[in-house]
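Protein chains in written order, with my numbering: chain A, 37 to 213; chain B, 572 to 910; chain C, 41 to 810.
Incorrect hints may appear among the rest.
Here are the computed lysine to aspartate or glutamate pairs in the EDC-like style, where the Cα-Cα straight-line distance is at most 16 Å [stated by the list, open to error]: (1) LYS622/B with GLU737/B; (2) LYS738/B with GLU805/B; (3) LYS432/C with GLU548/C; (4) LYS573/B with GLU78/A; (5) LYS46/A with ASP309/C; (6) LYS790/C with ASP741/C; (7) LYS624/B with ASP695/B; (8) LYS838/B with GLU202/A; (9) LYS573/B with GLU75/A; (10) LYS46/A with ASP289/C.
Hints are computed from structural coordinates only; laboratory data are not their basis.
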Amino acid sequence: MRYAMAIDTKKCVGCSDCVVACQTENNIPIGYSRDWITETVEGTYPGLHLQIRSERCNHCEDTPCVRTCPTGASHVIEGGIVKVTPEECIGCGSCIEACPYDARYVHPEGWVDKCTFCDHRINNGQDPACVSVCPTTCMYFGDLDDPNSEVSRITAVRRIKVLAAEAGTKPQIFYLV
Amino acid sequence: MKEELIISGRMNPHIDPVMNIWHWSIPLYLFLGGLAAGLLFFAAYQTIMGKDKKFLTSVRIGPIVAFGAIVIGLMALLYDLHHPLYFWQLYTTIRLDSPMSWGAWTLMLIMPLNMIWIFSYLKDIYPVHKCKLGFIRKIAAWIITTNDTKPEQDWDWKHKIIRDFEKYIVKDRKPLAWAMAILAIVLGVYTGILLSAFNARPLWNTAILGPLFLTSGLSTGAALLMIMTKDHFERISYSKIDILLVIIELFFITHWFMGYQAGSEIKVHTVSYFLGGEFTVTFWVNVIILGLTIPLILEVMELMKFKIPVIVPGLLIIWGGLAFRFIMVDAGQVIRYLY
Amino acid sequence: MYITLNIKGFFMKTTRRQFIKISSMGVGGLALAATPILNWVPSFLKKDNDIPDDSKAKRYPTYCEICFWKCAGWTYTKNVDGKEKIWKIIGNNDDQHSSGRFCPRGTGGVGMYEDEDRLKHPLIREKDEDGNQYFRKATWDEAITVIADKLKNVAQKYSPNCVAMFSHGSGGKFWGNVLKAYGTNSISAPSYAQCRGPREVGFIATFGKGIGSPEPTDIRNTKCLVLIGSHIGENMHNGQVQEMSQAIDNGATIITVDPRFSTAASKSDFWLPIKPATDLALLLTWINVIIEEELYDKEYVEKYTYGFEQIKEHVKNNTPEWAYGITGLKPDLIRKTARAMGNASPAVIVHPGRHVTWYGDDTQRLRAVAILNAILGSWGRRGGFYQPEGIKLKSMPHPAYPKISHTWRDATPGKFKLADLALASGICDATIPSPDRDCSYKAWIINGTNLITTLPDRKNTIAALQNLELVVVIDTMPAEITGYADVVLPECTYLERYDMLRTSKHREPSIALRMPAAKPKYDSKPGWEMAKMLAEKLGLGAYVPYNDITELLDWQLKQIGSSLDEMQKIGVKKIDREYNDLYFLNGEEHEFSTNTGKIELYSTALVEEGFDAMPKYTAHPEPQPGFYRLNYGRAPMHTFGRTVNNPHLNDLMDENVLWVNPKIAQLEDLSAGQEVWLKNQDDVISSFPIKVRITERIRQDMVYMVHGFGRQDDRLSRSYGKGASDSELITHIMHDKIMGGTGMRGNFVKFITENPHPSDKPLTRKVNII
Ligand SMILES: Nc1nc2c(c(=O)[nH]1)N[C@H]1C(S)=C(S)[C@@H](COP(=O)(O)OP(=O)(O)OC[C@H]3O[C@@H](n4cnc5c(=O)[nH]c(N)nc54)[C@H](O)[C@@H]3O)O[C@H]1N2
Ligand SMILES: Nc1nc2c(c(=O)[nH]1)N[C@H]1C(S)=C(S)[C@@H](COP(=O)(O)OP(=O)(O)OC[C@H]3O[C@@H](n4cnc5c(=O)[nH]c(N)nc54)[C@H](O)[C@@H]3O)O[C@H]1N2
Ligand code: SF4
Ligand code: SF4
Ligand code: SF4
Ligand code: SF4
Ligand code: SF4
Ligand SMILES: [Mo]
């Protein structure tokens, strides 16, 4: 099993619903977030190109964050989901430094938090919270090992890009461009 | 024009606008770790070479300072943890991939050795009867020494095991020295690897940091010994060692910059911060000029019999080492992958 | 124990997954063996695992009150320390407005409930011995009594007709009914003359029918979607955003006309970076090309329309070359886009937009939009405009309302006869005494609308407020308008109350229930209850023939074969269409409610009122040197000012920024992130500075900001003074001669880089709270 997400930049409008939905679903304190929206604008008026991306932990296949964690609080669970056990985390920040995507943050209670792919929901057969609210339905979630899953199908037919590929972490979030 | 911005989310302190999860305590910790590594290495080295009678400051005082440095360094590290009450989780697992874990365990091992070392020299360095504070003598007498501690039999341990142990070590310190030398090198390299393990930070992502930090640690250790010792021979010896170390360090840095400049786009971008960019002045003034070149010149001049107050090059080297770590940690967090 | 197991785990090379099992057993099963310090885990750390399972959590139906799309959903609660607490809001899958997905504002709606800056008690304005005014916390009975006494007084001294109400939001119906019983029908909303009014009038003049809300645009089935300044994606009206995304998936051609590179523009096949205020020229040209190149739907035009030859003749000189000089759009681009529309016809939507009060000739511009749709044959067609259907609920029997001699139309005597709803701005103007009016308004009831930031020309609004004998504000937040109230009534949020059933039209008729998921926080009350209290104090209790709203809802539901009980379980109920006519049937005869019974390309109604039968392009003023046109719009995560203090949504965007083109930034010596104040053509200076965003996404002759920021009431702790307010700078109104809309895009600003305010705490709130 290999969970992954594909996000269609041709449809995402940057509304940030995925950000609030994650915040309410996962009890993220105000001022923090597990996902965020970036915008890049290229060109000169009126020859412009705009890309909006919803970003979060890439649940990398090669996980520098897990590797550098001194306590084992950061770990990988079934399906390649990278998680943190709050009770084991000393808040040393190694994993934060290790992540090329700045996908982790220090929870005000001292431990490090990040996207969990909403494993509590996917275990119940639901989509992650962000995916389930997205008004443009531009996010696809599923198992890459299953050729019939939505992610497998869409990544097979569309042009894809991953972020900072040169960092060598093999991200599992694919942007459809 | 290319515009890149975060529209929402991720306004987390410590991450935006630039990463600053590690503050002053980490570079301080790295600096003190390197210094301790240097001091312990020289103590062990002189012992192994059988020169422990000649290099008294190195073998006796150095390790005490090193111990202090490690303790302060650890306190700094602990201070930087966001969940410090859980620090013990470090010792529930060994993770060879994690430099932090490595460091924690290295320190765990080196500290007892360091203590044993100090213990073995206790009678020489600090005879308890010389202590002017009566209550310390009393406490010492009550806890560890026999009641009738006399001047001639200072630190007369109560328990036979301790007495035997002491005798055993003092007789031949070499095995201990070997162990300590190796661990000191591990510690010195570790302070560099801690950073270089982070592929995500383009500045740190180079294998050269391990040797570079080790060299710098040894150099600051030598500089401190140079300042501390009253013995002319010992001082000149460390001065010479330091000259060598500084030259190696300069070589590493040149090599490093050149490697980056010939590297990928992100490496070129990274090194530009030091060659014209944001960190150019701080780095060149504090590290290259004040911290390496000037002391190098001064030390060479001293060898050429110019009168140079030893404290000047010594302090400059230490300053350079400290500044180097601060700049490395800071810049490393500022420079990120572009995507 | 804990230690050994962990280390063993490592050496045994177990995976982390097993590792967890071992250590959790270590904590649980072997707890006795662990030393106390190792086992000590503060309870707060367990929170992470505290996320309940959706299927086990309690949920209550609601419909969203954060904007006027009114999506239906569920409010989930979860158990925190033994108490049920509001957790999240999720769309209802059976709801056509949301299709089970809320927009960010709806999702962040929990913040409306959580916001600790909310109004907490009824407040009454008082004066101390020195004449200083302040708000006194009052009981509900006191507050309602003051209102009832003053209203009786107004009725006696003047006439009940001299009371007006402004309302934008659900509670309006309850208050409206009380006011109708009291004797006035001057009930208005800023969503007409400041928003969609010209569109309704333009479409009524053409099709005999307005657009209404939600817009019956069949975007999901369209082959070509044309957006003229309608910035879907930033304008987050849920159904449209969702359907536009489906249209993208379906490969529909999207054409966006916007002087700013909007999000929608970035998703479009064609972006027409039009010179502002020249859209009418483009529209006429499109009509011309479509007619000249015979791209129009001939059968449809012949069968249903009136005045084709006239319009053909009328636009004959409006060639792409002509338009190029006016709009700055290349003739080729205009032709190509006209052809794209023609090829997609009739599955094409030239979107009517919503906030269309721009340049004063808005009704005529929307007429052009309507004509374009008419010749493309999109009205009543699949992929164009469908025919929505709703359901009318019965109201409980009550005495007849008294006759009204002086209606809202008398606020603008003889003018704007084509306006189909009351004009908020008209009522505001008619409050300022004038010799040729028999009764200026004397009391205002303001429910859920922040007139200070909503009506343009703030000075005028405040002047009107000063002339009133009674100002009642019903709001949830200390909005600016509350500072001008004599009595402030704190309404509880929509998550804490029942409201009227939602009955808005859609593809299928449906009803949706809103019910509380929590008790009202603080000393706040639902609108129905306040309105009922007032009715009783006024001796009009007979008009509110129920003790509790649940009686009314249950009664209404039973009339249509449902019940409150059922609705509490399902939230949304679809009802079969009475007429099976989502789209016109092939060759179907259709009688339009116009004078001619046809779609009027040539409007006889407009001619009757002395206006142009067909739209004409006129040039509008352009910025003087050093000035830039003030453009404004929406951010997807906010609804006007109503959400800017919402903790969750404020967290997404806590201030607005000023979009400035890089060339202008260079010319004006502005740097990114720099704070500037703005001064408009009438020398009005923004109270607060706004940060500059240097971006290519905006033209050089305009600046852009999101509406709703620059809040001026310091009780709004999160949003006070953050960003700037466009409202403040909109002092010049371009009135729509046909229906009285307030065109707001004719204001020009320049940059001020030094703080122009002597003390930087300009407060418009007039009174303190004690
Ligand atoms: N400058 C400028 N002016 C504009 C516009 C613009 O873009 N720029 N847009 C125009 C348009 S399109 C429109 S539709 C209007 C909208 O204008 P308004 O409807 O006035 O919009 P808001 O400013 O959101 O004011 C809504 C008020 O309702 C309160 N409220 C929220 N929930 C509740 C509730 O449950 N009960 C009660 N009683 N009150 C509640 C909020 O606290 C807020 O004070 O503004 C128009 N005016
Ligand atoms: N997130 C969010 N969504 C909302 C609301 C909200 O507050 N927040 N409010 C809702 C309400 S009540 C309304 S009325 C709608 C309003 O939504 P729309 O009808 O889409 O809004 P407008 O304000 O008319 O349009 C703003 C766009 O017009 C462009 N524009 C400015 N001048 C011109 C011009 O001269 N010509 C052309 N072609 N374009 C121009 C601007 O650059 C901007 O992109 O949004 C609704 N949806
Ligand atoms: S919810 Fe969907 S459309 Fe909105 S920002 Fe997130 S990914 Fe984009
Ligand atoms: S994105 Fe960062 S936190 Fe997530 S798995 Fe990759 S490296 Fe780790
Ligand atoms: S902060 Fe926590 S999760 Fe991250 S590396 Fe340190 S202990 Fe591991
Ligand atoms: S998958 Fe879940 S945890 Fe991750 S960003 Fe989406 S909502 Fe948040
Ligand atoms: S569009 Fe968004 S804010 Fe408006 S009613 Fe729907 S969910 Fe609520
Ligand atoms: Mo509106």
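Hint by hint, here is what the structure shows:
This hinted pair does not check out: LYS622/B and GLU737/B have alpha carbons roughly 21 Å apart, beyond 16 Å. For the hint pairing LYS738/B with GLU805/B, the CA-to-CA distance comes to about 27 Å; that exceeds 16 Å, so the pair is violated. Note on LYS432/C and GLU548/C: the hinted pairing holds, with a Cα-Cα distance of about 13 Å set against a maximum of 16 Å. A threshold of 16 Å between alpha carbons decides the hint, and for LYS573/B with GLU78/A the separation of about 5 Å falls inside it, so the pair holds.
Between LYS46/A and ASP309/C the alpha-carbon distance is near 11 Å, which keeps this suggested pair within the 16 Å criterion. Of the pairs offered as hints, the one joining LYS790/C and ASP741/C holds, with about 11 Å between alpha carbons and a cut-off of 16 Å not exceeded. Between LYS624/B and ASP695/B the CA atoms are separated by roughly 12 Å; this keeps the pair inside 16 Å, and the hint holds. Only pairs whose Cα atoms come within 16 Å are accepted, and LYS838/B paired with GLU202/A is accepted, the gap being roughly 11 Å.
Straight-line distance between C-alpha atoms of LYS573/B and GLU75/A comes to about 10 Å, which keeps the hinted pair within the 16 Å bound. A threshold of 16 Å between alpha carbons decides the hint, and for LYS46/A with ASP289/C the separation of about 9 Å falls inside it, so the pair holds.
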